[in-house]
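Q: Chains H and Y, in that order, give the protein sequences.
If you use my numbering, the first sequence corresponds to residues 18 to 421, in order.
If you use my numbering, the second sequence corresponds to residues 18 to 421, in order.
A couple of the hints might just be wrong.
Identical copies carry no separate label here, and so any pair may be met within one copy or between two of them.
Unchecked claim - Pairs of lysine-lysine residues, derived as DSBU-like cross-links and limited to a Cα-Cα distance of at most 30 Å, are as follows: (1) 331 - 108; (2) 401 - 387; (3) 413 - 387; (4) 180 - 252; (5) 228 - 363; (6) 104 - 241; (7) 345 - 335; (8) 375 - 363; (9) 299 - 194; (10) 363 - 315; (11) 369 - 269.
Keep in mind that the hints were calculated from the coordinates and are not lab data.
2 protein chains.
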Amino acid sequence: MVNIAVLGYGTVGSGVVEVINTNHDTVNSNAGVEINIKYVLDLRDFPGDPVEKILVHDYESILNDDSVDIVVEVMGGLEPAFTFVSKALSKGKSVCSSNKELVANKGPELLKIARDNNANFLFEASCGGGIPIIRPLNSSLTADDIMEISGILNGTTNYILTKMSDEGWDFEKALKKAQECGYAERNPEADIEGYDACRKIAILSSIAYGKTLNYEDIYTEGIKEITTDDIDYAKKLGYAIKLVASSERSGKDIYAKVCPMMVGRDNPLFFVNDVFNGIFVKGNMLGDAMFYGSGAGKLPTASAVVGDVVEAAKNIGKTIPVRWGEGKLELSERGSEEGRFFVRAKGAGEAKKAEINKLFGQVEFVNAGKDLETAFVTERMTEKDFEASYERLEDKITRIVIKS
Amino acid sequence: MVNIAVLGYGTVGSGVVEVINTNHDTVNSNAGVEINIKYVLDLRDFPGDPVEKILVHDYESILNDDSVDIVVEVMGGLEPAFTFVSKALSKGKSVCSSNKELVANKGPELLKIARDNNANFLFEASCGGGIPIIRPLNSSLTADDIMEISGILNGTTNYILTKMSDEGWDFEKALKKAQECGYAERNPEADIEGYDACRKIAILSSIAYGKTLNYEDIYTEGIKEITTDDIDYAKKLGYAIKLVASSERSGKDIYAKVCPMMVGRDNPLFFVNDVFNGIFVKGNMLGDAMFYGSGAGKLPTASAVVGDVVEAAKNIGKTIPVRWGEGKLELSERGSEEGRFFVRAKGAGEAKKAEINKLFGQVEFVNAGKDLETAFVTERMTEKDFEASYERLEDKITRIVIKS
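Isolated chain H (complex conformation):
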């Protein structure tokens, strides 16, 4: 029997209990051992709830119980999660966490404590909810140099952009609906400003490239500025607008960014709609692959956490190798990255087109039936050159990166 303790009895924590109870035969058979929930830690009481009898308020009782092999951290936030997790690992207990904040900030440190104590720090649920992506990167795509990871990693913003496109809703209405459906928090800033996706691509990139990518180094732009006009242009061009979190190698350079991008049909992310997430991976041998599924939600997220518990139970006393090694991943200077860009500016007619051609060289003009404005797509150029020209463009409205 393997005893586990669940820290936090919120949405994901109660999901973990539900998954283990509902699927106990499958979970135990896959683990090769019985998984027993010995403790649930929460500050609150849950009178009448089945976990009432195993509920504790004091972490020390879990930490000092040597029969607890695995700690499930689903509290979220940096503290006290970090203190709890590092103490558990130091005692040789494995930890399974869904906490992207914790992993993005303290991943390498916690992985090291795990290694030093023959334990495991696993965090499949921190990126892409229920989608298996972290274990596949660590254990399946091991023959490849990863050239790119690009993900639709935030379900709320993908729901908003999908509804703006399919229903013609504006951003405010789509956000309101997302909140009514329970997808978006009352304070949705972390989602719509791209901060959530940014932490997730930092984690995935650190695994893929083997060194820590600091999320604060990643250029991040949200979707608040996207309008239905932008979406009309995207459709005209055969693109969808998605919030893409991306990191990419180009020769010796590595670039990373989070921003709205126009994505074409030749990229499988084009087809990732509503609250679903998708993670595109390009390997130098594998070519293109994508992992698709529910990026959030109580049971999908809990499914990933319990998958980690099974893996930890199969590897008691033995650290599973991970790609995320020591050192810091240095991103290349942002402006040197090449791409194509979609631009809108006020003003129409030949004079406007002449101004644009003078600034950007040859471009593809796009007509989506909007009066008194001109829109176009540039040829391939460095971001630095593009931004310099865009800066000088009169009456500019907006610009959006075209996903290559």
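Keeping the supplied structure of chain H fixed, place chain Y upon it in accordance with the hints.
A: Leaving out everything else, chain Y in the frame of chain H:
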């Protein structure tokens, strides 16, 4: 250092050598040990080829070399592959195979020999080429009862159906193009009759449900009968026609089949086009997930094989647990499965519609501008009831399952 021997220097075998040589730093770092190709076995000689020095024609020299830890079997076919693989496993050497014929026919037997000798029999590349699906099923989706696996598992037929839909080519022309592009064999029967997809879904189902699904038990129908008229109707209905290999639980029943299906936009397989493969998995907790990528090709397939080599190298002397257990998976009687069906018949007008309504009850008639025929979609009914009515329908042309 871990020594490996590659059996077969054909497309995949030379790909394996190329992946290990090109990505040696990454491969060795992920394996935590240097992977050394000590032998390549082939009946042919390759004068001037870099493998010339390590080429052997006699398997016994590999088998009897105790320094060989891992054997890569990429010869294909049942014999001598089965003899070679079982002998290697019996000696405690792990085997990584891309051979779906071998796995579908001898999987449980070889897994048992591996277990009995503390070795591993790994076969990620046998299904879905480079797409990680077997290890995710064994090591990631372990918290779920798998309710369904449905895959587009054959790139050749998917290319043909995509071109018939996008370019309006008929089956013969699309097949010819597939052969010209090197996707289809000169004898394409295994692909277009669905035999290839059938073996792959048998393997995936055996892992997902934990018992051996004999591929001979799976109802299998190919795509030769699909016409551009069928595709016109599918488009009219908002569907795409795909060769889907599927197994599904419904209560205590398990059904499996391989046949052309009409797939809607709400299923991510809808978007899997050209030679790409996609594998849809539904878990009772996870919900819907999909794994997408290159289902064939030298380097993607070799990437999966080398990923297995890395995993085997990390687990020398220790058998990695798999879900595929003892026993035979009994499928439920085919006719009891429920679904909706698309049907075309010659004849038009009210009398024809009356005949159809009398046989099938309420249906949705479909008009795709074809003269002198009537097409419709049934309500949900058992396959047995459907087949009984279809049998009695006058001047029937064809019927296609609608993917639920």
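Q: So, for every hint listed, does it hold in this structure?
A: So, going through the hints one by one against the coordinates:
1. With identical chains, the CA atoms of residue 331 and residue 108 are at most 30 Å apart both within one copy (18 Å) and between copies (25 Å).
2. Within a single copy, residue 401 and residue 387 get their C-alpha atoms as close as 29 Å, which meets the 30 Å cut-off; across copies the closest is 56 Å, which misses it.
3. For the identical chains of this complex, residue 413 and residue 387 are intra-copy neighbours only, at 15 Å inside a copy versus 51 Å across copies, given an alpha-carbon limit of 30 Å.
4. Taking identical chains as interchangeable, the C-alpha atoms of residue 180 and residue 252 lie at most 30 Å apart whether they share a chain (14 Å) or sit on different chains (23 Å).
5. Taking CA atoms no more than 30 Å apart as the test, residue 228 paired with residue 363 passes in neither setting, with 44 Å inside one copy and 65 Å between copies.
6. For the homomeric pair residue 104 and residue 241, neither the shortest alpha-carbon distance inside one copy (40 Å) nor that between copies (62 Å) is at most 30 Å.
7. Taking identical chains as interchangeable, the C-alpha atoms of residue 345 and residue 335 lie at most 30 Å apart only when both belong to the same chain, with a minimum of 26 Å there against 34 Å between chains.
8. With identical chains, the CA atoms of residue 375 and residue 363 are at most 30 Å apart within one copy only, with a shortest distance of 16 Å there and 63 Å across copies.
9. Taking identical chains as interchangeable, the C-alpha atoms of residue 299 and residue 194 lie at most 30 Å apart only when they sit on different chains, with a minimum of 27 Å there against 34 Å within one chain.
10. In this assembly of identical chains, residue 363 and residue 315 lie within 30 Å of each other by CA distance neither inside one copy nor across copies; the values are 45 Å within and 51 Å between.
11. Proximity of residue 369 to residue 269 under the C-alpha cut-off of 30 Å is found in neither arrangement, the shortest distances being 39 Å within a copy and 68 Å between copies.
Checked against the numbered hints given earlier, the structure breaks hints 5, 6, 10, 11 and satisfies all the rest.
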